[in-house]
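Student: For the protein sequence lines, the chains are F and P, in the order given. Counting in the numbering used here, the first sequence runs from 27 upward without gaps. Counting in the numbering used here, the second sequence runs from 6 upward without gaps.
These are computed hints drawn from the structure, not numbers from a lab. Please note that the accuracy of each hint is not assured.
Stated by the list, open to error - Using 27 Å as the maximum straight-line C-alpha spacing, the simulated DSS-like pairs for lysine-lysine come out as follows:
1) F:136 x F:120
2) P:53 x P:136
3) P:123 x P:53
4) F:114 x P:92
5) P:136 x P:75
6) F:120 x P:92
7) F:120 x F:70
8) P:53 x P:75
9) F:136 x F:114
10) P:123 x P:136
11) F:68 x F:120
12) P:123 x F:136
13) P:123 x P:75
14) F:68 x P:123
15) F:70 x P:123
Being a predicted model, the structure only gives us computed values, none of them experimental.
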Amino acid sequence: MSNNVEKTADSVRPDAGLFPPVNVVEDANGITLFADLAGVPKDKLGLQVEADTLTIEGEVSFAMPEGMESIHAEVSLPRYRRVFTLSKELDTEKVAAEFVNGVLTLRIPKAAHAQPRKIEIRVD
Amino acid sequence: MYYRNLFPRDIFAEMERLQRDMQQAYDPSIRGGLRGGFPAMNVGSTPKSVEIYAFAPGVDPAAIDVQIEKGVLTVAGERTLPALPEKATLHINERFTGRFRRVVTLPDDIDPNSASAKYRDGVLHISIARKETAVPRRISIQ
Chain F
27 MSNNVEKTAD SVRPDAGLFP PVNVVEDANG ITLFADLAGV PKDKLGLQVE ADTLTIEGEV
87 SFAMPEGMES IHAEVSLPRY RRVFTLSKEL DTEKVAAEFV NGVLTLRIPK AAHAQPRKIE
147 IRVD
Chain P
6 MYYRNLFPRD IFAEMERLQR DMQQAYDPSI RGGLRGGFPA MNVGSTPKSV EIYAFAPGVD
66 PAAIDVQIEK GVLTVAGERT LPALPEKATL HINERFTGRF RRVVTLPDDI DPNSASAKYR
126 DGVLHISIAR KETAVPRRIS IQ
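The shape of chain F in the complex, shown without the other chains (with noise of 0.2 Å):
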């Protein structure tokens, strides 16, 4: 049942995926963004900065005995994907990310341009 769903859903937009819910709170220092994305990998959790936007996705996956039938499908396609726009003050060179039972927490920690930087003078 729900295979059909997914294979429906995969020909119309092959990108469609499960709005991950998501908590987003602020710090002085940074923001610390926490995904739910039960039934995601390790390795297959793809996170992209890309200029000012952040790509969460990753993809379905648990072990599903031989030629089980899916009779009530919550959990009916088999990625999530969702993008945030990002603001200017985050400094995205220094992402920290960590993904355990599911739950991803990401670390953006703010640039430090607005604190005095002590630029180097090299003398070739």
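For this one, chain F is given, so just place chain P on it according to the hints.
Tutor: Then chain P, alone, in the frame of chain F:
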């Protein structure tokens, strides 16, 4: 608590359920859960077993209670989220927190003693074998 027979027997019951679901889109239940609530559940069936997948990320497996009583499976527990640091702002708050409980009616032919449960990547997988007699058997003609 969200209750629904996930093993419908007849088309009329199934149609009634669909109608109820559509009605719910306009008048949601007082317990919410148009999409079923937390944890989301997938149910599958094989000739030998019933497979239940509960999508409960970030839950300590020790805090999940799985019970089968009189043909009814209950998955209950609690999910606690990290406390908000001082002076922090919560911009988006979508993740479920607190106690949860979901109930699934099982088919008659399952063997409750054979149930096993595993937790991996945030998914609780419960597998319950069907009774031997219920497995279709081909009888060879001599």
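Student: Run every hint past the structure and note whether it holds.
Tutor: Evaluated hints:
1. A hinted pair counts as satisfied when its Cα atoms are at most 27 Å apart, and residue 136 of chain F with residue 120 of chain F qualifies at roughly 9 Å.
2. Between residue 53 of chain P and residue 136 of chain P the alpha-carbon distance is near 8 Å, which keeps this suggested pair within the 27 Å criterion.
3. At most 27 Å may separate the alpha-carbon atoms for a hinted pair to count; residue 123 of chain P and residue 53 of chain P meet this at roughly 18 Å.
4. Taking the CA atoms of residue 114 of chain F and residue 92 of chain P, the gap is about 22 Å. The hint holds against a cut of 27 Å.
5. Proposed proximity of residue 136 of chain P and residue 75 of chain P is supported: the alpha carbons are some 15 Å apart, at most 27 Å.
6. Pair hint residue 120 of chain F plus residue 92 of chain P holds up; C-alpha atoms about 22 Å apart against a cutoff of 27 Å.
7. Proximity of residue 120 of chain F to residue 70 of chain F is assessed by CA-CA distance (about 22 Å); at most 27 Å being required, the pair is judged to hold.
8. Pair hint residue 53 of chain P plus residue 75 of chain P holds up; C-alpha atoms about 20 Å apart against a cutoff of 27 Å.
9. Restraint check: the Cα-Cα separation between residue 136 of chain F and residue 114 of chain F comes to about 9 Å, which is no more than 27 Å; the hinted pair holds.
10. As the CA atoms of residue 123 of chain P and residue 136 of chain P are separated by approximately 21 Å, the hinted pair is consistent with the 27 Å bound.
11. Between residue 68 of chain F and residue 120 of chain F, the direct Cα distance comes to roughly 20 Å. Compliance with the 27 Å bound is thereby established for this hinted pair.
12. The straight-line distance between the Cα atoms of residue 123 of chain P and residue 136 of chain F is roughly 39 Å, outside the 27 Å bound, and the hint therefore fails.
13. Taken as a hint, the residue 123 of chain P and residue 75 of chain P pair is honoured in the structure, with Cα atoms around 22 Å apart against an allowance of 27 Å.
14. Restraint check: the Cα-Cα separation between residue 68 of chain F and residue 123 of chain P comes to about 17 Å, which is no more than 27 Å; the hinted pair holds.
15. A hinted pair counts as satisfied when its Cα atoms are at most 27 Å apart, and residue 70 of chain F with residue 123 of chain P qualifies at roughly 20 Å.
Checked against the numbered hints above, the structure violates only hint 12.
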